[in-house]
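Fit chain P to the supplied structure of chain Y, relying on the hints for placement.
Same order as they appear, the protein sequences are chains Y and P.
For reference, each letter of the first sequence is one residue, going 1 to 317 in this note's numbering.
For reference, each letter of the second sequence is one residue, going 1 to 317 in this note's numbering.
Some hints could be false.
What the hints assert, rightly or not - Once the Cα atoms are required to be at most 20 Å apart in a straight line, the calculated EDC-like pairs of lysine to aspartate or glutamate come out as:
(1) K60/Y <-> E201/P
(2) K60/Y <-> E247/P
(3) K193/Y <-> E201/P
(4) K215/Y <-> E59/P
(5) K167/P <-> E177/Y
What the hints assert, rightly or not - So these bits of chain Y aren't anywhere near chain P, every CB distance computed over 10 Å:
(6) L70
(7) A162
(8) M208
(9) K215
(10) E260
(11) E262
Since the hints were made in silico from the structure, they are not lab data.
For each residue, glycine too, the CB sits at the ideal point set by N, CA and C.
The residues making up each chain are set out below.
There are 2 protein chains.
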Amino acid sequence: MREVTMREAAAMLRKWDDILVLSHRSPDGDTLGCAAALVDALLSIGKRAMFRCADAIPEKFFYLFRELRLDAFTPAHIVTVDVADKALLGSLEPLGEKAELAIDHHFGSHRPFAACRWVEEAAACCMMEAELLEEMGAKITPRIADALYTGLATDTGCFKYANVTPKAHRAAAALIERGARAAQINTALFDTKSRTQIRLESAIFSGMELFFDGKCAVVCLPKALIAETGATESDLDGVSALARQVEGVACGVTIRERGEGEYKISLRTAEPVDAVPIARTFGGGGHKFAAGCTLHGTLEEVKARLLSACGEAVRAL
Amino acid sequence: MREVTMREAAAMLRKWDDILVLSHRSPDGDTLGCAAALVDALLSIGKRAMFRCADAIPEKFFYLFRELRLDAFTPAHIVTVDVADKALLGSLEPLGEKAELAIDHHFGSHRPFAACRWVEEAAACCMMEAELLEEMGAKITPRIADALYTGLATDTGCFKYANVTPKAHRAAAALIERGARAAQINTALFDTKSRTQIRLESAIFSGMELFFDGKCAVVCLPKALIAETGATESDLDGVSALARQVEGVACGVTIRERGEGEYKISLRTAEPVDAVPIARTFGGGGHKFAAGCTLHGTLEEVKARLLSACGEAVRAL
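Isolated chain Y (complex conformation) (with noise of 0.2 Å):
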């Protein structure tokens, strides 16, 4: 398993032909804006190109692959786009370690699996691949700019996240440049509630309850609300950010049951509140503002120890 850089990566796939282009689980804007792209493009190169993805894709990414002729064939090639990990492939791990290449932009925590890798430090791996196409000799079509900024778009929360540099500015002013429909997209992934989401954040608003001078802010999902509404995988991810989101809350946890006694918990900070340390003492792990755990016990109990943790967390403010 080596390294290679972007001019290498180019140079392999412009040489192979009836290539499989892999996206990961829980397909988000990214994983599937590459994909998109990275297909159209080898297609417009005389290439043969498919694409697979372990779970379905949402509905509100259907327009990547709309005008998309992917034809079924049996790879020589396989290429993995926005994969950290073998794992993050779901039921198609096994192909992932047949890969020759993987494309990625978790620079620090990519886990190597393919024969090749080319991972960079990017606000998204798009925006790695707008540089790729270019050199690859494709031409960035209005529907590849389309893919490339949806990836750029959905990596940086439309350009509010701290990832966003300022070469991800010029990324997305060269793809509106060349055609992207910003703001057409933007709409469709930013400002659009379905009613289940809006079922879902309505209960949450109401029951959310604030502690510790309103430093702390919970939100529980039993699973008769999880039910209720029809929330899928993808709408419960989107709603943990919402507890932080309160005014004054630097520390917003939310508690999902999962099973009989078990809870997946988000925990979203604010600075200089780290969600790290109170995750591992659950056992669990993240990033400074975004972890988790999974923790055992009647809701009562897993809220009690949650506050405790968390109330020492933000005491000091």
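Relative to chain Y, chain P alone:
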């Protein structure tokens, strides 16, 4: 009243001293970012400068002025920023009549009032000011970059709206390079909800009604609810976008009770529905996707009249 170029505007400001900068009433991030940046830049090149606005500065924008010493003096010259019409100065309209320079990005709708005006088409007035300050020879410090970024992010919905051009993204890139704390500003402006907003959104989502196969959503804000939640004008403006955000909704109507039998209507539409003809039916107006009007009667009458007009607009979809 004459038009001037950016260079002429910069030359005027360089020549003047004792300058008063005016923002529009109900101040937003663009008018305040422009004012803070301009005052800061004028002070940095040795001028006396101060700032006034008819309305209170929302708390979330306090950071723009925190470290800015605004000396009170009798102004010799008045400049308005992001003010499309002197009526938008609110109680400071008499000062607007004495303004010597209006800097504004409402190209096409600016109603001349100052002796000179520099009006261009731009996503945010702060984008124009970034160029102006460079031309004036003022250094874009991190604090000025924060102020200009604030306006750019505010007026583009954090790079989400249709007014975002490649130039807007490149301006953001340059401001981040000059030290703008983009992520912190975005968290405060776009990822923080006051408890009032939460109570309001919760009430709105639970009371929202859908019509015409879910293509039209109607939200009512009775005076009692507004009073109960303690919502300000700015809280209420923010929620008028919610009805349209529901998946499948092409026409979102927010009916807000203002006085006895008087209702302020906000219309928000999605392609291809044009909000302007609906608003005009009732003597109002606005833009294609955001318009408004005022109606009188009982809530039931008002709702019925609006639904009839909206029904015609969405029926063909």
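Tested hints:
no.	hint	result
1	K60/Y <-> E201/P	violated (24 Å)
2	K60/Y <-> E247/P	holds (10 Å)
3	K193/Y <-> E201/P	holds (13 Å)
4	K215/Y <-> E59/P	holds (18 Å)
5	K167/P <-> E177/Y	holds (10 Å)
6	L70	holds (27 Å)
7	A162	violated (4 Å)
8	M208	violated (8 Å)
9	K215	holds (13 Å)
10	E260	holds (30 Å)
11	E262	holds (28 Å)
In summary, the numbered hints that this structure violates are 1, 7 and 8.
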